[in-house]
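**Student:** Sequence:
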Amino acid sequence: MTKSFTRTDRVSAQLRREVGALVHEAVREHGLPSVSVSDVEVTRDLAHAKVFFTALQSERAAEALAALKELAPEFRYRLGRMLRMRTVPELHFHYDDSVDRGERIDTLLRDLDTPAQ
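In terms of the numbering used here, the sequence shown has 102 at position 102, counting the first letter as 1, and numbering is strictly consecutive.
None of these hints come from the bench; they were simulated from the model.
Each residue gets a CB set at the ideal place from its N, CA and C atoms; glycine is no exception.
Just to be clear, a hint being listed does not mean it is correct.
Stated by the list, open to error - The following label-pair restraints were derived from C-beta to C-beta distances: (1) 29 <-> 57: 13 to 21 Å; (2) 110 <-> 73: 37 to 45 Å; (3) 113 <-> 38: 22 to 30 Å.
Build out the structure end to end from the sequences listed, making use of the hints.
**Tutor:** What follows is the structure, encoded as structure tokens:
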């Protein structure tokens, strides 16, 4: 019988919850732009994790990315205290522009629906 979820999937889900809480706390404490964690992808050796985030204000995404990269070592330290893992993956933050692309496609489709006069 095969497992339905791999260890990397379980670690990714746990990191998504924990990093999401840490990011939410950092937004309040450090005055960062409002961001939320959308996904976490962990490498097979559990050494690195890509943390994808979305920003409420997409124009401030670069500012949020710089702040999150600066806070990454602190997040990793705090995760090490919270999680029961031998090593905590190194966190690499990436802006998830899928929401922006979806809105752009939506507006393009909406423009097609309007009758031309």
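**Student:** Compare the structure with each hint and give your call.
**Tutor:** Hints versus structure:
1. 29 <-> 57: 13 to 21 Å: holds, 19 Å
2. 110 <-> 73: 37 to 45 Å: holds, 43 Å
3. 113 <-> 38: 22 to 30 Å: Distance hint for residue 113, residue 38 holds at roughly 28 Å.
The earlier numbered hints are all upheld by this structure, with none contradicted.
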